[in-house]
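Each protein sequence line maps, in turn, to chains R and C. According to my numbering, the first sequence is numbered sequentially starting from 450. According to my numbering, the second sequence is numbered sequentially starting from 61.
Take these hints with a grain of salt, some might be off.
[Stated by the list, open to error] To spell it out: a stretch of chain R is covered by chain C in this simulated footprint if at least three of its residues, at any positions, have a beta carbon under 8 Å from a beta carbon of chain C; those stretches are:
(1) 737-750
(2) 821-834
[To be verified] Capping the alpha-carbon separation at 25 Å, the derived lysine-lysine pairs in BS3-like fashion look like this:
(3) R:Lys554 <-> R:Lys679
(4) R:Lys463 <-> C:Lys92
(5) R:Lys679 <-> R:Lys739
(6) C:Lys92 <-> R:Lys816
(7) R:Lys889 <-> R:Lys728
(8) R:Lys728 <-> R:Lys463
[Unchecked claim] Just a sample of chain R residues kept apart from chain C, beta carbon distances all over 10 Å, derived:
(9) Arg451
(10) Ser696
(11) Glu710
(12) Asn717
(13) Met724
(14) Thr806
(15) Tyr817
(16) Thr919
Quick caveat, the hints were computed from the structure, so don't treat them as lab data. No experiment lies behind these values; they were computed from the predicted model shown. Note that beta-carbon positions come from the ideal geometry of N, C-alpha and C, so glycine has one too.
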Amino acid sequence: MRIKYLRRLLDEKKLSCSELARETLRYAQEQNDTLNAFVTFTGSLALEKARQADERLKANAPLGVLDGIPMSLKDNICTCGVATTCCSEMLKGFIPPYNAHVAEKLKGQGAVLLGKTNMDEFAMGSTCATSVFGGAKTPYDTKCISGGSSGGSAAAVAAGLGAYSIGSDTGGSIRQPAAFCGAVGFKPTYGCVSRFGLIALAPGFDQIGPITSCVEDAALVFDAINSHDKRDERCRGDIIREPVAPSLAPETDLVIGIADELFESADNDVSEGVMSAVKLLEQHGAKVKKVTLPYVQYSTQVYCVLASAQISTNMGRFDGIRYGERSSVYSDPDSLMTASRTEFLGDEVKRRIMMGTFVLSADGRSKYYRKAQRVRLAIESSFTTALTQCDIIISPTAPTTAFKADTDRDFIEIYKSDVYTAGVNLAGLPAVSIPCGFDKKGLPIGLQIIGRAFDERTILAAALAFEGLTDGAFISKKGAVI
Amino acid sequence: MIDREQVRNVAAMAHLRFDESQMCDITAQLDKMAAFAHVISDIADTLPEMEDDTPTSDRPSVRESAGADPDFSSGGFICVDGRTVR
């Protein structure tokens with residue numbers, strides 16, 4: 450389900466926005482029994498928005514590229530009047546009184562919201578399995594996880610349940626599920642897209658971005674949400690924001706950096722798939738250069754300490770008083786907070802809060818927190834140095850492809866699935882994951898392209914080149930309805 | 061090695077409660093996480109010391125003013141005499 454293709458059908462009146470919304474909704478609801486990609490459907494709202502888009506079309510009003518196009522939002526993005534639960538018992542039934550910046554921007558451009566998508570509880574996880582609604586599944590094998598935390602968004606897009614979805618990425622939460630589901634997942638530079646109205650995980654690393662079925666769509670949606678917003682104090686107001694999509698062209702005249710550190714522990718199928726893609730780009734004019742990224746192999750550990758620290762303070766507000774469900778078993782305000790948090794937060798969330806509280810304690814602070822901060826700076830510096838020697842860095846998005854949902858994996862092993870993505874968040878850089886092949890089981894392999902800060906254009910141009918050279922062979926064709 | 065008493069203190073600070081069997085599990089898990097993260101300790105020792113690596117929101121002057129802003133990113137925690145209160 451590509452945006453430009455849908456746009457043409459709508460503009461040429463071969464299809465109405467209402468027909469498109471109705472059919473996509475019907476298909477999404479039918480597929481949701483197996484994929485579990487959506488946790489809330491907004492059927493009547495979607496049909497009303499589609500009807501309004503049809504009226505604009507009928508009146509020959511100038512329509513934006515996203516007008517009348519069906520899409521979804523991750524369930525941690527606030528939507529006025531529509532439940533936003535972060536897939537947690539703590540926020541079950543929470544209906545925000547306002548829209549997130551990105552929701553408002555897309556609404557203003559005529560987006561047709563089909564619903565809210567599944568995710569790991571409070572975005573803490575890489576499997577989507579910590580969702581209180583149960584995990585989403587990859588459309589390539591519904592016995593396998595979708596990845597996470599934006600698993601529902603990736604599964605929805607890959608299965609054709611809407612043209613695009615908006616996710617959030619703190620350590621790889623857009624790119625890793627996109628890789629597992631065969632979609633394009635794009636994390637812009639930290640500070641590009643406003644997080645106002647995003648229920649934060651770790652505000653020092655969180656960034657919002659699109660999941661789409663092709664690279665061109667990623668650029669279109671990025672342009673739609675990339676604007677300065679004073680309500681997010683980390684949203685940069687001192688950069689020039691030019692639309693990427695109108696002038697995006699495939700680019701292979703690039704120096705590609707390859708770092709051994711970003712291939713360590715990758716499955717053979719994954720490494721081979723990514724290196725085949727690099728060879729293809731090389732055959733078409735790219736130069737390949739070995740670079741080193743010292744300390745980047747410790748990204749997961751550094752991320753584990755620093756993100757947990759931010760989580761422990763950030764989650765303080767969910768106490769049954771200011772936010773969240775309130776326990777009925779308490780005797781004083783202190784016991785109310787403890788009882789509410791104990792009753793309504795899930796195991797993974799509690800584990801990370803505990804870790805974060807520990808690393809910020811007097812003992813943990815010097816042993817872990819301060820040291821992790823130092824290594825984080827070294828990781829950032831590694832990327833900066835490497836990106837002076839090359840234009841982009843290519844790596845696998847994750848060391849494996851999607852794995853079975855019932856696999857009894859240790860939580861540390863699951864944390865390690867972010868090993869190639871977390872460093873990018875620690876350095877605040879932009880990166881995109883695109884499908885580049887399939888493993889022996891037929892599951893999609895994700896290739897990650899990392900670029901310099903605020904140089905989204907170059908990574909998308911390289912991604913577009915690969916997509917063109919392979920004639921879109923790896924774009925998900927699972928269940929496209931149009 | 062993280063012991064159960066440390067975990068009990070951390071749980072109290074985090075406003076979480078664990079029964080005895082859960083306490084055993086969470087202690088083992090925290091210990092495992094700490095062991096996993098410990099590798100960065102040796103690495104960090106080879107790197108230059110930072111002047112002030114405390115995040116802005118965690119500095120005492122900022123923390124003390126946090127109470128004025130209910131949406132402050134620390135969740136409204138205020139540090140008083142070294143203790144975290146609301």
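Now for the hints, and whether the structure bears them out:
1. Chain C is given as covering the stretch 737-750 of chain R, and this holds because 3 residues of the stretch bring a CB closer than 8 Å to a CB of that chain, at least three being needed.
2. With a cut-off of 8 Å between beta carbons, the stretch 821-834 of chain R has 6 residues touching chain C; three or more are needed, and the interface restraint holds.
3. Taking the CA atoms of R:Lys554 and R:Lys679, the gap is near 14 Å; set against the 25 Å cutoff, the hint holds.
4. Proposed proximity of R:Lys463 and C:Lys92 is contradicted: the alpha carbons are some 59 Å apart, above 25 Å.
5. Taking the CA atoms of R:Lys679 and R:Lys739, the gap is near 40 Å; set against the 25 Å cutoff, the hint is violated.
6. Distance check on the hinted pair: C:Lys92 and R:Lys816 sit about 15 Å apart at the alpha-carbon level, within 25 Å; holds.
7. Taking the CA atoms of R:Lys889 and R:Lys728, the gap is about 20 Å. The hint holds against a cut of 25 Å.
8. With a C-alpha separation of about 41 Å, the suggested pairing of R:Lys728 with R:Lys463 is violated against the 25 Å cut-off.
9. Non-interface status of R:Arg451 relative to chain C is upheld: no Cβ of that chain comes within 10 Å, the nearest being about 38 Å off.
10. Under the 10 Å C-beta cut-off, the non-interface status given to R:Ser696 relative to chain C holds; the minimum distance is some 37 Å.
11. The beta carbon of R:Glu710 is kept farther than 10 Å from every beta carbon of chain C, the shortest such distance being approximately 13 Å.
12. A cut-off of 10 Å between C-beta atoms confirms that R:Asn717 is not in contact with chain C; the least separation is 25 Å.
13. No Cβ of chain C approaches the Cβ of R:Met724 within 10 Å, the least distance being about 28 Å, so the stated non-interface status holds.
14. Remark: the non-interface label on R:Thr806 conflicts with the geometry, its nearest Cβ contact in chain C lying 4 Å away (cut-off 10 Å).
15. Not every Cβ of chain C is farther than 10 Å from the Cβ of R:Tyr817; the closest lies at roughly 6 Å, contradicting the non-interface assignment.
16. The claim that R:Thr919 lies off the interface holds: its Cβ sits roughly 38 Å from the closest Cβ of chain C, which is beyond the 10 Å cut-off.
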